[in-house]
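Protein chains in written order, with our numbering: chain H, 37 to 464; chain F, 37 to 464.
Please note that the accuracy of each hint is not assured.
Which copy? The list can't say, so a pair holds if one copy fits it or any two copies do.
EDC-like, lysine to aspartate or glutamate: derived pairs with alpha carbons at most 16 angstroms apart [what the hints assert, rightly or not]:
hint	residue 1	residue 2
1	K321	E333
2	K403	D337
3	K120	D284
4	K403	E155
5	K59	E119
6	K348	E374
7	K127	E262
8	K59	E464
9	K134	E318
10	K321	D137
11	K48	E72
12	K127	D49
13	K153	E399
14	K134	D286
15	K48	D286
16	K127	E104
17	K120	E314
18	K348	D287
19	K153	D420
20	K127	E446
21	K362	D46
22	K321	D287
23	K127	E272
I should point out that these hints are in silico values taken from the structure, not numbers from a laboratory. As the structure is a computational prediction, the values presented were derived from the model and not from experiment.
Protein chains: 2
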Amino acid sequence: MNRVEKLSADTKDVMAELGRQAKQAASVLAIASREEKDAALIAAADALRHSTASIVEANALDLGAAREVGRPDAFVDRLALDEKRIDGIAKGLEAIAKLDDPVGATIAEWRQPNHLKIERVRTPLGVIGVIYESRPNVTADAGALCLKSGNAAILRGGSESFHSSRAIHACLVTGLKAAGLPAAAIQLVPTTDRAAVGEMLRGLDGTIDVIVPRGGKSLVGRVQDEARVPVFAHLEGICHVYLDRGADLDDAVPIIVNAKMRRTGICGAAETLLVDKEAPEEFLKSAVTALLDAGCEVRGDAQTQSVDPRVKAATEEDWPTEYLDKIISVKTVDGVDEAISHISTYGSQHTDCILTECYGTAEHFLKRVDSAIVLHNASTQFADGGEFGMGAEIGIATGKMHARGPVGLEQLTSFKYVVRGAGQTRPE
Amino acid sequence: MNRVEKLSADTKDVMAELGRQAKQAASVLAIASREEKDAALIAAADALRHSTASIVEANALDLGAAREVGRPDAFVDRLALDEKRIDGIAKGLEAIAKLDDPVGATIAEWRQPNHLKIERVRTPLGVIGVIYESRPNVTADAGALCLKSGNAAILRGGSESFHSSRAIHACLVTGLKAAGLPAAAIQLVPTTDRAAVGEMLRGLDGTIDVIVPRGGKSLVGRVQDEARVPVFAHLEGICHVYLDRGADLDDAVPIIVNAKMRRTGICGAAETLLVDKEAPEEFLKSAVTALLDAGCEVRGDAQTQSVDPRVKAATEEDWPTEYLDKIISVKTVDGVDEAISHISTYGSQHTDCILTECYGTAEHFLKRVDSAIVLHNASTQFADGGEFGMGAEIGIATGKMHARGPVGLEQLTSFKYVVRGAGQTRPE
């Protein structure tokens with residue numbers, strides 16, 4: 037602990053040095069081969085498994101501190117590492133090693149009339165700052181995704197998982213060294229001083245190219261407000277399901293229940309059900325009953341309340357609320373256009389869904405709803421990089437710049453134009 | 037002028053209202069058809085030609101003011117509009133109408149094992165702020181590119197071209213109205229108050245999605261420093277040509293002269309020539325003589341000075357300098373790696389070129405030089421959206437986020453994921 041306390045005194049200098057090291061490492065990573073990067077990931081996975089005992093020991097320090105300050109059991113459980121969870125983290129690294137290397141891939145190529153051959157080729161972004169909360173596995177997941185996409189990572193974990201993250205990070209460094217890559221390719225902020233976050237948000241003298249926050253709304257909100265560098269994030273996922281008059285009720289009800297109840301704590305969970313007033317009467321009743329029977333609290337407008345006495349009254353505050361819990365708000369709307377307008381007013385541009393068999397209505401909705409993900413006849417819980425076939429994601433972005441939706445390896449890259457000529461000069 | 041002065045008093049309110057109007061217009065533009073957008077551009081071109089007299093009259097006010105404050109002839113010339121130039125602006129609008137509509141295009145599509153069909157579809161960014169200097173034609177060019185890409189534009193022209201820009205803008209509004217599109221799709225800031233720029237850089241309450249500055253280094257520098265929203269720009273174009281030992285001298289010399297001298301004031305003009313020390317002696321001499329004979333001042337290191345008495349001594353200040361003039365700095369380097377290292381130290385990540393017939397050396401350079409555009413055996417003056425086949429560009433970006441290199445219609449878009457299902461729910 038002495039080292040950590042000493043560092044806290046001069047966090048600004050420590051962070052500036054991390055930035056310099058990261059930038060230097062980034063230039064090596066940018067031209068590292070797929071084989072080198074994969075070898076580092078596989079060696080890191082091996083190191084994790086071999087270091088199980090010391091990781092569990094470090095984790096015990098964090099767990100003890102968490103219990104001491106009376107953290108709830110759910111919190112302590114999220115923090116806890118055992119052999120099985122450590123093996124899971126190692127498997128995650130191996131899975132990322134198996135993904136295609138995005139760097140160097142040609143995204144587009146064409147030849148101009150003057151025979152210049154122009155290619156758009158993927159390049160890394162540079163240095164990615166990741167700021168996260170208590171889950172120590174993010175250290176490995178985020179570090180590995182940055183490495184595989186050729187970016188240097190500066191990781192700032194939560195102070196509650198400091199010792200666990202440090203033990204995991206040591207294994208990543210072992211992997212990097214084994215593969216002959218710079219240890220600074222993945223750096224963990226070596227202090228729990230909160231000033232370190234502020235330094236990262238200011239970009240460490242232009243060395244950080246993008247910040248990815250992983251955590252709750254207050255963390256993401258602070259990062260979005262204060263960052264002077266681009267941020268890939270979503271503040272919240274107020275996801276809507278619109279049940280249209282043209283829906284097939286047998287298909288629709290299971291989707292509604294799945295969208296809300298499969299997991300209520302994820303950003304792609306539905307928070308509001310909008311039901312077409314012109315739909316047959318049974319639509320609203322069937323959907324609401326299925327939700328209630330699945331153990332969901334339903335807060336509805338007057339029409340929704342009329343179908344079941346268990347429905348509570350929704351207030352204006354419900355529409356912009358992300359419950360992340362077994363609660364849903366239900367509103368009846370005047371067809372697809374009022375649904376779109378409600379989503380535009382209260383949504384978070386994350387993921388929204390229409391249930392209908394009417395192709396024209398579906399296209400109308402898919403075109404007009406301005407969200408990162410728009411779905412037709414499928415659960416909003418598919419809003420996930422893995423489910424999209426991206427292999428793994430570092431998060432989901434609702435901004436429109438650069439990355440939108442699940443942020444996987446490709447979204448962690450930029451590109452450059454490579455132009456090949458044969459002596460061409462530009463005429464007047 | 038009264039209206040303008042009155043508005044200056046409450047610039048903050050005026051700008052906030054522009055932002056609200058733009059956001060509203062953006063939601064209409066986002067779903068406007070190609071036909072509507074093209075009709076607006078063609079009607080605007082017609083309006084420009086029909087309004088030649090009034091535009092020339094408005095321009096005369098700007099020209100008179102410029103002469104009165106003693107602006108140099110070159111400045112007055114850039115500002116001047118006549119029938120031919122106005123016709124050129126109209127032709128520019130018609131050319132943009134002919135380009136493909138990027139909005140709604142499917143960038144990628146695939147089917148997941150569970151039969152979900154996932155598409156990445158281009159969408160507009162939203163509202164684009166354009167801040168430019170004296171050239172009044174930017175009003176039309178930038179407005180048209182934003183419109184065609186489905187974005188609302190807020191244009192802030194230089195105060196010296198205020199009347200000219202206002203006259204051109206009136207024609208754009210005529211075109212929008214003729215096509216039934218909102219007049220607020222392209223707004224011109226109706227005040228010359230400098231505070232308006234500050235308001236735009238703060239994003240007008242989150243309504244501006246991206247800022248594009250068009251102008252000199254001081255304008256771009258201010259925008260990059262102060263903007264709280266993403267910026268597509270390049271601060272400068274310190275472009276290098278590296279003459280490798282493996283070059284074909286007959287091909288190389290014309291490229292070097294073209295890269296420097298075709299136009300010296302554009303960002304893709306070469307500013308530094310790096311010559312391989314291992315190249316045959318005639319390489320350095322031929323290149324330097326050709327530049328001197330073409331009327332270029334050459335500032336070189338000791339070895340370069342030794343080949344011709346006309347070569348002046350380069351100082352450390354020359355390497356990071358963008359002359360934008362008939363001046364070039366020349367340095368001899370120890371092969372491709374020192375060239376890459378020099379470019380990494382002094383370059384601006386804009387456009388850099390290698391001249392060699394050795395494929396391996398070329399690939400080494402193209403992979404390692406971290407610039408938006410890297411060229412092999414072709415002039416740096418090809419750094420231009422038109423020359424890349426993009427039709428037109430709103431500028432060139434050297435950042436790595438979202439847009440890099442020439443910023444054309446596609447770079448002014450974002451995307452969303454459209455997911456089509458048939459009742460899929462996500463399993464546990």
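Checked hints:
For the homomeric pair K321 and E333, the shortest alpha-carbon distance inside one copy (14 angstroms) is at most 16 angstroms, but the shortest distance between copies (83 angstroms) is not. Taking identical chains as interchangeable, the C-alpha atoms of K403 and D337 are never at most 16 angstroms apart, the minima being 27 angstroms within one chain and 60 angstroms between chains. For the homomeric pair K120 and D284, neither the shortest alpha-carbon distance inside one copy (43 angstroms) nor that between copies (62 angstroms) is at most 16 angstroms. Taking CA atoms no more than 16 angstroms apart as the test, K403 paired with E155 passes between copies only; the shortest distance there is 12 angstroms, against 31 angstroms inside one copy.
Within a single copy, K59 and E119 get their C-alpha atoms no closer than 35 angstroms, and across copies no closer than 53 angstroms, so neither meets the 16 angstroms cut-off. In this homomeric assembly, K348 and E374 never come within 16 angstroms of each other (Cα to Cα): the closest approach is 22 angstroms inside a single copy and 72 angstroms across copies. Taking the shortest Cα distances, K127 and E262 never come within 16 angstroms of each other, neither inside one copy (35 angstroms) nor across copies (44 angstroms). Taking identical chains as interchangeable, the C-alpha atoms of K59 and E464 are never at most 16 angstroms apart, the minima being 40 angstroms within one chain and 41 angstroms between chains.
Within a single copy, K134 and E318 get their C-alpha atoms no closer than 48 angstroms, and across copies no closer than 51 angstroms, so neither meets the 16 angstroms cut-off. In this assembly of identical chains, K321 and D137 lie within 16 angstroms of each other by CA distance neither inside one copy nor across copies; the values are 49 angstroms within and 44 angstroms between. Taking CA atoms no more than 16 angstroms apart as the test, K48 paired with E72 passes in neither setting, with 32 angstroms inside one copy and 54 angstroms between copies. For the homomeric pair K127 and D49, neither the shortest alpha-carbon distance inside one copy (36 angstroms) nor that between copies (56 angstroms) is at most 16 angstroms.
In this homomeric assembly, K153 and E399 come within 16 angstroms of each other (Cα to Cα) only across copies, at 14 angstroms, whereas the closest approach inside a single copy is 38 angstroms. Taking CA atoms no more than 16 angstroms apart as the test, K134 paired with D286 passes in neither setting, with 39 angstroms inside one copy and 47 angstroms between copies. For the identical chains of this complex, K48 and D286 are neighbours neither inside a copy (59 angstroms) nor across copies (54 angstroms), given an alpha-carbon limit of 16 angstroms. Neither within a single protomer nor between protomers do K127 and E104 lie at most 16 angstroms apart by alpha-carbon distance, with minima of 32 angstroms and 74 angstroms respectively.
Neither within a single protomer nor between protomers do K120 and E314 lie at most 16 angstroms apart by alpha-carbon distance, with minima of 52 angstroms and 59 angstroms respectively. With identical chains, the CA atoms of K348 and D287 are never at most 16 angstroms apart, being 26 angstroms at best within one copy and 79 angstroms at best between copies. When the C-alpha separation of K153 and D420 is checked against a cutoff of 16 angstroms, the pair qualifies only between copies, where the shortest distance is 14 angstroms, while the shortest distance within a copy is 37 angstroms. Neither within a single protomer nor between protomers do K127 and E446 lie at most 16 angstroms apart by alpha-carbon distance, with minima of 21 angstroms and 38 angstroms respectively.
Taking CA atoms no more than 16 angstroms apart as the test, K362 paired with D46 passes in neither setting, with 45 angstroms inside one copy and 49 angstroms between copies. In this homomeric assembly, K321 and D287 come within 16 angstroms of each other (Cα to Cα) only inside a single copy, at 15 angstroms, whereas the closest approach across copies is 78 angstroms. Neither within a single protomer nor between protomers do K127 and E272 lie at most 16 angstroms apart by alpha-carbon distance, with minima of 29 angstroms and 46 angstroms respectively.
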